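There are 2 protein chains.
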Amino acid sequence: MAENKIPYKIYLTEDEMPRQWYNLRADMSNKPAPLLNPGTLQPMTATELETVFCAELVQQELDNDTPYFDIPQEIRDFYKMYRPAPLVRAYCLEEKLQTPAKIYYKFEGNNTSGSHKLNSAIAQAYYAKAQGLKGVTTETGAGQWGTALSMACGYLGLDCRVFMVKCSYEQKPFRREVMRVHGASVTPSPSEITQVGRKILAEFPGTTGSLGCAISEAVEVAVNTPGYRYVLGSVLNQVLLHQSIIGLEAKLALDKYGVKPDIIIGCAGGGSNLGGLIAPFMGEKLRGEADYRFIAVEPASCPTLTRGEYRYDFCDTGMVCPLAKMYTLGSSFMPSADHAGGLRFHGMSSIVSQLYADGYMEAQSVRQTEVFQAAEEFARVEGILPAPESSHAILAAINEAKKCQETGEEKTILFGLTGTGYFDLVAYEKFHNGEMNNYIPSDAEIAAALARLPKVD
Amino acid sequence: MAENKIPYKIYLTEDEMPRQWYNLRADMSNKPAPLLNPGTLQPMTATELETVFCAELVQQELDNDTPYFDIPQEIRDFYKMYRPAPLVRAYCLEEKLQTPAKIYYKFEGNNTSGSHKLNSAIAQAYYAKAQGLKGVTTETGAGQWGTALSMACGYLGLDCRVFMVKCSYEQKPFRREVMRVHGASVTPSPSEITQVGRKILAEFPGTTGSLGCAISEAVEVAVNTPGYRYVLGSVLNQVLLHQSIIGLEAKLALDKYGVKPDIIIGCAGGGSNLGGLIAPFMGEKLRGEADYRFIAVEPASCPTLTRGEYRYDFCDTGMVCPLAKMYTLGSSFMPSADHAGGLRFHGMSSIVSQLYADGYMEAQSVRQTEVFQAAEEFARVEGILPAPESSHAILAAINEAKKCQETGEEKTILFGLTGTGYFDLVAYEKFHNGEMNNYIPSDAEIAAALARLPKVD
Chain L
2 MAENKIPYKI
12 YLTEDEMPRQ
22 WYNLRADMSN
32 KPAPLLNPGT
42 LQPMTATELE
52 TVFCAELVQQ
62 ELDNDTPYFD
72 IPQEIRDFYK
82 MYRPAPLVRA
92 YCLEEKLQTP
102 AKIYYKFEGN
112 NTSGSHKLNS
122 AIAQAYYAKA
132 QGLKGVTTET
142 GAGQWGTALS
152 MACGYLGLDC
162 RVFMVKCSYE
172 QKPFRREVMR
182 VHGASVTPSP
192 SEITQVGRKI
202 LAEFPGTTGS
212 LGCAISEAVE
222 VAVNTPGYRY
232 VLGSVLNQVL
242 LHQSIIGLEA
252 KLALDKYGVK
262 PDIIIGCAGG
272 GSNLGGLIAP
282 FMGEKLRGEA
292 DYRFIAVEPA
302 SCPTLTRGEY
312 RYDFCDTGMV
322 CPLAKMYTLG
332 SSFMPSADHA
342 GGLRFHGMSS
352 IVSQLYADGY
362 MEAQSVRQTE
372 VFQAAEEFAR
382 VEGILPAPES
392 SHAILAAINE
402 AKKCQETGEE
412 KTILFGLTGT
422 GYFDLVAYEK
432 FHNGEMNNYI
442 PSDAEIAAAL
452 ARLPKVD
Chain H
2 MAENKIPYKI
12 YLTEDEMPRQ
22 WYNLRADMSN
32 KPAPLLNPGT
42 LQPMTATELE
52 TVFCAELVQQ
62 ELDNDTPYFD
72 IPQEIRDFYK
82 MYRPAPLVRA
92 YCLEEKLQTP
102 AKIYYKFEGN
112 NTSGSHKLNS
122 AIAQAYYAKA
132 QGLKGVTTET
142 GAGQWGTALS
152 MACGYLGLDC
162 RVFMVKCSYE
172 QKPFRREVMR
182 VHGASVTPSP
192 SEITQVGRKI
202 LAEFPGTTGS
212 LGCAISEAVE
222 VAVNTPGYRY
232 VLGSVLNQVL
242 LHQSIIGLEA
252 KLALDKYGVK
262 PDIIIGCAGG
272 GSNLGGLIAP
282 FMGEKLRGEA
292 DYRFIAVEPA
302 SCPTLTRGEY
312 RYDFCDTGMV
322 CPLAKMYTLG
332 SSFMPSADHA
342 GGLRFHGMSS
352 IVSQLYADGY
362 MEAQSVRQTE
372 VFQAAEEFAR
382 VEGILPAPES
392 SHAILAAINE
402 AKKCQETGEE
412 KTILFGLTGT
422 GYFDLVAYEK
432 FHNGEMNNYI
442 PSDAEIAAAL
452 ARLPKVD
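Residue numbers (the working numbering), protein chains in the order written: chain L, 2 to 458; chain H, 2 to 458.
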């Protein structure tokens, strides 16, 4: 292990950093289906979307043809604060596993928000400011997205109002406190300050909230407050566009050393990391220039791709947002409260869904105790405490590396390490104490959630 | 701010990483005073020290003459996992302050332990393993050092027994959990498993422990368990030797761009970061090759250099460890419980103390509310949530940069950003809620603690 030609960490120089995001849709022959207006069930127009989202972001959301979008200089400067993110050669993990496989991971956790979410947060905050807005609203569950958005808004001097699911607000006070460091206002949801919040509180006085309710509150405030818009950290096409920076940097770093991955692995919740990581590689595959094996890894407790249906569904449980065509477990599906490992969204990015439906990608579901086992194994040799979400990809990568050990194949594996687990230690504690279970939803449970959906297809 | 010749972050390549640690003592004409045996008050011999510490580390501890020590290949490989640490040009902070000063910081927080402590932890664990030991014992207060040592031992397969001050064990369960991720055993101190622990529990049944007690327990276990030694994360000469990697990398990075700092600032608790950061620069100053202004920054609540006395004292409150000649507030001095900002040690590295006594360095004490104000200001523009300890240096750097704004001088400032504040959010919360105070010990309080010391000088 002494002297390797490829360093432990490959950093691009600032001059080498990408100046454009890549829009994977431009190379897809089957484009992702459009968002539908929940009232008319007709495709959402730009005008309709602009009541909720910033104008520039609506253009990015609807553009299925332009392959590259310039990254504005101000965003590139912000990226330089925490990027280029390192591409790490996992020499220590390889040695531990005694595998002939070559393992690389793109690490996105080296910033205070602790995840890749910041890549899109700064873009969305930038366009909001450029449009002359006063602020943005959003929801957050565990708090990764809310933290990232708070950082971006704090930097740009934009007001940031976060609705945080009440049980997370109370159980994760540290995440809330980081948002306050960056000047955001954080409101536990459901709250008394919105109509929908008051309605839910009247109906369920003791509720600890849900992501669906927090979305509805954030949208209500954005729509009713002059100078405000709503922003979202995953699922949307615009988010995958911004997150393409992950894959673009990874590919540039690999290209510098003439390395071509055989297998590319990403964890999949709403698809923001997975879609960003695979983007330029998938583009090559779609254009017939190269072939790669892509694996989306999701929790067995929320198995959207592996057990969901590909159809139109609401993005929120409140059913007030537009409908997206995607793999879904049904917008009323709720993962078990015992599920600690993130990636709890019932649906999936329309882009990722379409690629999966068209056979360009595989999907695996994994159990959370095995995920934490892999996380701990990884932490001990690679020196990074991974987020539970990221650890889904770690587990799949370890499994592939073990197969190489059996077959003797020297495959090159690339996976996305989306973030750090500093705010997930309650889950690690449960794991250490043997209190973590592996709840898996029944077919009947999923069927029931899907049966509650309106027929659109 | 668009195109700067000097990038936001300067990373050395792996080939450029230092292959030797620098021993500052070799260039000091007044050497630091030797450790004294608490029984005989005579200088501790190598044989005496080897009952507690690893043999190789004892050599490093006692060697005042050899200027460079080779870093073993295994340690260099481990360093590659999380180093080289970036030297960051704080463009965003400079812009925020509208200062002509050029601000750089060496960031040591990009690893799971979240601080520079890992630099010495891996070295001490390595020599313990090379000596054929089974394991090591240590104490930890807030948990930074314990976490770092757990990581190093977990990596090398060495048993790691940490005595964690009971109040921290209970109030900082996340730190404890990270240590468990790396396979360490963590015992709340005082415990029932040592003689000294049982004695203290019998005397003070409800006590929540102290660092001094935890040290005594860790030493007792190391001395009485075959195959174990005790290790320590600060104060000792060997620790400053290992931490010289911080300053060596910083200097190499600055030299690459022809930059020479005017002012070098480090926070000072036991002196591990400060001594490491300044080492190669101070060496130049001692040899008359260059001049720099050095500033040690300490909390007003524990003002060792600015209000302590330079004399022999115990390193532990239990008065069982060797005596060191150092600036001290008295080993029975306890900083106020309201003090949240780290750097609580009553004494100071003998090397740092001697340099300060000889006039090579300045010292400042700062109040903790101002420290947290600076921390927040920094986080918002630089995207890193700093540890309270590091934030003492941030505050001093900001103050120097503001002076430049007044005078128009384009000074170059380098400071050490020792770590991240992910596990210090209770303190940030206190700050946000206006519940943080600025307790400063009275002259009488310090005099009383000093009066309790034996006369040795």
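In case anyone wonders, no lab produced these hints; they're calculated from the structure.
Be careful, since some hints might not be right.
Which copy? The list can't say, so a pair holds if one copy fits it or any two copies do.
[What the hints assert, rightly or not] Within a straight-line C-alpha distance of at most 25 angstroms, the following computed PhoX-like cross-link-like pairs (lysine-lysine) qualify:
hint : residue 1 : residue 2
1    : Lys200    : Lys403
2    : Lys200    : Lys456
3    : Lys81     : Lys10
4    : Lys81     : Lys103
5    : Lys97     : Lys81
Predicted, not measured: the structure shown is a model, and the values here were computed from it.
A quick look at each hint next to the structure:
When the C-alpha separation of Lys200 and Lys403 is checked against a cutoff of 25 angstroms, the pair qualifies neither within a copy, at 53 angstroms, nor between copies, at 51 angstroms. For a Cα distance limit of 25 angstroms, the shortest separation of Lys200 from Lys456 qualifies neither inside one copy, at 27 angstroms, nor across copies, at 73 angstroms. For a Cα distance limit of 25 angstroms, the shortest separation of Lys81 from Lys10 qualifies both inside one copy, at 17 angstroms, and across copies, at 8 angstroms. For a Cα distance limit of 25 angstroms, the shortest separation of Lys81 from Lys103 across copies, 17 angstroms, qualifies, whereas the shortest one inside one copy, 28 angstroms, does not.
Taking the shortest Cα distances, Lys97 and Lys81 sit within 25 angstroms of each other only across copies (16 angstroms), while inside one copy they are farther apart (33 angstroms).
Going down the numbered hints, you'll see the structure goes against 1, 2, while the others check out.
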